[in-house]
Structures are given as structure tokens and as C-alpha cells.
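For the sequence shown, the working numbering gives the first residue as 22, with consecutive numbering after it.
Incorrect hints may appear among the rest.
Label pairs and their computed distance ranges (CB to CB) [to be verified]:
id, residue 1, residue 2, range
1, Ala-79, Glu-102, 34 to 40 Å
2, Val-205, Arg-62, 25 to 31 Å
3, Ser-35, Ser-89, 53 to 59 Å
4, Gln-103, Ala-55, 44 to 50 Å
5, Gly-105, Ala-51, 51 to 57 Å
6, Ser-35, Leu-117, 31 to 37 Å
Keep in mind the hints are simulated off the structure, nothing from the lab.
Nothing here was measured: the structure is a model prediction, and the numbers come from that model.
Even for Gly, the Cβ is constructed at its ideal location relative to N, Cα and C.
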Amino acid sequence: MSEQRAAVLGAVRSALGRANDDPPTPAEVAERLADPPSGPRPALGAAPEAAFLARLEAAAGSFERVDSPAQVADAVARYLEQQGLPALGVISGDELLGDLVWPEGARFEARAATAEDAVAVVSAFAGVAETGSLVLLSGPQHPTSLNFLPDYFIAVLFSHRILPHLEDAWRALRAETEGMPRTVNYVTGPSRTADVEQTIQMGAHGPRKLHVVLIGA
22 MSEQRAAVLG AVRSALGRAN DDPPTPAEVA ERLADPPSGP RPALGAAPEA AFLARLEAAA
82 GSFERVDSPA QVADAVARYL EQQGLPALGV ISGDELLGDL VWPEGARFEA RAATAEDAVA
142 VVSAFAGVAE TGSLVLLSGP QHPTSLNFLP DYFIAVLFSH RILPHLEDAW RALRAETEGM
202 PRTVNYVTGP SRTADVEQTI QMGAHGPRKL HVVLIGA
């Protein structure tokens, strides 16, 4: 190890209150995971919900508010009608979406998405006001393919699940889940790229449209 590298690592250890390079003990690791330190966080400039919605729209996402879960199905059908699409697609198989009563003619299947599916509707674990991102967890009822294969992605989110910062989402994950899921996706707006001639192309690596149905005043 070079002297410069040793000096840098020594300064880091000193800042952490460690006198040498011995690895942390299991008890120290468990204590840090149970109560991780908080670093500096950017000011939101608004209440978390308002900041989240502003950043969501800035990232080319859209949203509609509803008062209760009972209104979600109609809101989804209404959005798809506005996009010129039938109320057909795939959904996550959780309790929230499984209990919805869909309008006549609507058909949504709880399964993994395929390349032929145009629409996916999922329930989001949380929203992050700092970035306007959705936090999506994988699991038996939440195949990750739902988040990326369909062109139209609709997320159902409770307003009280909008958290101020990214760190708050990880803290909620530790507190509310039994072990980390296999995959945690942070999704901020529809997919886009400017790799070709610096021209924005939507849907390059995922959905072309992202819409949030926000439950709660």
C-alpha cells in the first residue's frame, strides 16, 4: 500500500473513531445497521408530497389524486382512455390491487409481464420527495418485469408513503420488511436516453409513460 493511500485510510479510520484497521466486530456491525448514522440531506424546499409531485412532473411523469383505494380502478381506466388504450394489462398480485373492482370490460392479470404487455399497474412501497422517485420491491407478487417491460407504467402510491429523502426509504425498508427483497428498484420518470445524436428518446430501457395514482388528500 502506498504512503498516500495509507494516510487517506488512516484519516478515515480516525474520523470513525477507530485506532487501527481491525475489522468491526459482529456486534458493531449489528449496532450500525440497527441505527445507521444520518449524513447531510438536501433541503426539499416544500412539504414532502409537494416536492415529490413537482419532481415527478419534472421527470416527465404524471399523476392523479384519488380519495380511497376504491377509486383506483376507475382512475387507471380513465388514464388509459386518455392515452387511447384499452383497460388491459398486468398487475402486481398484492392485496391492494387484488381487491380492486374494475370497470366492465377491463381485464388485468396478476402475473409477470412479457414483451407483448402494453400496460402494467403496480403498488409502490414508497415515494421519495428528494428525487421524485418510486421505490419498488420485488417479490412473489411483484415481479420486476412489471417495472420495465410494458410501455405504460402505472404506480399506485399512498400519500403517507411519500418520504423526504433516500435514506428514509432504506430506513423504512429495514423497519417494515423481514429481510431485504432480492431487488429494490428506484424509478424516476419514464425511461429515456439521448445517446443517439443527443436527441431524447423515450422508452429506451423501460416504459415510455409513467403515471402515479396517489391515494389520499
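Hint by hint, here is what the structure shows:
For the pair Ala-79 and Glu-102, the supplied restraint of 34 to 40 Å is violated, since their beta-carbon distance comes to about 25 Å. Hint check: Val-205 to Arg-62, Cβ distance near 19 Å, so the stated range 25 to 31 Å is violated. Between Ser-35 and Ser-89 the C-beta distance comes to about 54 Å, which sits within the given range of 53 to 59 Å. Checked against the hint of 44 to 50 Å, the pair Gln-103 and Ala-55 passes, with Cβ atoms roughly 46 Å apart.
Taken as a hint, the range 51 to 57 Å holds for the pair Gly-105 and Ala-51, whose Cβ atoms sit roughly 54 Å apart. Ser-35 and Leu-117 have their C-beta atoms about 49 Å apart, which leaves the hinted 31 to 37 Å range violated.
Checked against the numbered hints above, the structure breaks hints 1, 2, 6 and satisfies the rest.
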